[in-house]
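K.L.:
Sequence:
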Amino acid sequence: MSDCAFRTLLLDIEGTVAPIRFVTDVLFPYARKYLAAFLDARWSEPSIRDVLRQVSLDAGGIEFSRESIVAHLLSLMDRDAKATGLKALQGMVWEQGYAEGTLRSTLFADVAPALRALHARGVDLRIYSSGSIAAQKLFFAHTADGDLTPLLSGYYDTTTGAKQEAESYRRIAERIGRPAGDVLFVSDVAAELLAAREAGMQTRLAVRPGNRPTPENCFARIESLDEILQNPPA
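One gets this note's numbering by counting positions in the sequence shown from 1 and adding 2 to each.
Simulated from the structure, these hints should not be mistaken for lab results.
All values derive from a computational prediction rather than experimental measurement.
A few of these clues could be false.
Said to hold, decoys possible - Okay, derived cross-link-like pairs now, BS3-like style, lysine-lysine, Cα gap no bigger than 25 angstroms in a straight line:
#, residue 1, residue 2
1, Lys35, Lys84
2, Lys139, Lys84
3, Lys139, Lys35
What the hints assert, rightly or not - Have a look at the derived ranges for each label pair, beta carbon to beta carbon:
#, residue 1, residue 2, range
4, Arg81, Pro48, 20 to 30 angstroms
5, Gly148, Gly63, 24 to 34 angstroms
6, Arg180, Asp149, 18 to 28 angstroms
7, Ala119, Ala39, 38 to 48 angstroms
8, Asn219, Ser70, 41 to 51 angstroms
9, Ser67, Gly183, 47 to 57 angstroms
10, Arg34, Asp147, 24 to 34 angstroms
11, Glu200, Arg44, 39 to 49 angstroms
12, Gly212, Arg51, 29 to 39 angstroms
13, Pro31, Leu153, 27 to 37 angstroms
14, Gly148, Ser70, 23 to 33 angstroms
Glycine included, C-beta positions come from ideal geometry on N, C-alpha and C.
Please put together the full structure from these sequences, using the hints given.
P.N.:
Right under this line is the structure:
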């Protein structure tokens, strides 16, 4: 297969389709601001109890009090931890914000038109992010460019595996049901691209405003999803 002749496009979110600033300046502060009130209001709900049990498991089985779990979760946020329970809870807080209309996702200008064009060409479009699957669906359902979820065929998060481990990408390829070489993964994080490449996927480094600098010549680079449109699927 020639380079970038792909059937599935697997995309990261932060720094790839959305500005890092949206996550760091809007989503994370929103979750931090409303976390305690959210838990107070919904503490007894079964779905919340399930997530709090996951938070305990993520911490090695520690049992938290109502007060201490908020402090623990804020500490995880301070460290930008990729803990499964934290990500699920953040997603629930954001869900409430999207439902109330106080949150709306911001994408780079090229993203929505490119996704629509790629979908029309028959490209299988999927997302792999450290944010929970529920949060990913919310993100794409409430963009300034409309609901983009009908364009997306699958979502993957840390329940599939860490994004810097090759085995995670092998699992994704297996779940898609095609060879890893048919999948093009785009991310702004070099360690993730290395893992995907080790698993056999094609890779592109997203170079976007506000992204962290990456050494030159490590990966083929793109500055817009429009560049992918120039390479039709196999």
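K.L.:
Sort out whether lysine 84 lies within 25 angstroms of lysine 35, counting only the CA atoms.
P.N.:
holds, 19 angstroms
K.L.:
Between the beta carbons of arginine 81 and proline 48, is the distance compatible with 20 to 30 angstroms?
P.N.:
Since arginine 81 and proline 48 have Cβ atoms about 29 angstroms apart, the given range 20 to 30 angstroms holds.
K.L.:
Lying within 29 to 39 angstroms: is that true of the beta-carbon distance glycine 212 to arginine 51?
P.N.:
Cβ of glycine 212 to Cβ of arginine 51: about 38 angstroms, so the range 29 to 39 angstroms holds.
K.L.:
Would the hint linking lysine 139 and lysine 84 be met if the CA-CA limit is 25 angstroms?
P.N.:
Holds, at about 18 angstroms.
K.L.:
Is 39 to 49 angstroms respected by the C-beta to C-beta distance linking glutamate 200 and arginine 44?
P.N.:
holds, 41 angstroms
K.L.:
Is it true that the C-beta distance of proline 31 to leucine 153 lies inside 27 to 37 angstroms, as the hint says?
P.N.:
Since proline 31 and leucine 153 have Cβ atoms about 28 angstroms apart, the given range 27 to 37 angstroms holds.
K.L.:
Does the hinted range 24 to 34 angstroms hold for glycine 148 and glycine 63 at CB?
P.N.:
violated, 43 angstroms
K.L.:
Can you tell me whether the CB distance of asparagine 219 to serine 70 sits inside 41 to 51 angstroms?
P.N.:
This hint holds: roughly 48 angstroms between Cβ atoms.
K.L.:
State, for the Cβ atoms of alanine 119 and alanine 39, whether the hinted interval 38 to 48 angstroms holds or is violated.
P.N.:
holds, 42 angstroms
K.L.:
Determine whether the Cβ-Cβ distance between arginine 180 and aspartate 149 falls within the hinted range of 18 to 28 angstroms.
P.N.:
Since arginine 180 and aspartate 149 have Cβ atoms about 27 angstroms apart, the given range 18 to 28 angstroms holds.
K.L.:
Does 47 to 57 angstroms hold as the CB distance between serine 67 and glycine 183, or does it fail?
P.N.:
Once the Cβ atoms are compared, 50 angstroms apart, the range 47 to 57 angstroms for glycine 183 and serine 67 holds.
K.L.:
Check the following: the C-beta atoms of arginine 34 and aspartate 147 are separated by a distance inside 24 to 34 angstroms.
P.N.:
With Cβ atoms ~26 angstroms apart, the hint holds.
Consistency note: the structure conflicts with the earlier hints numbered 5, 14.
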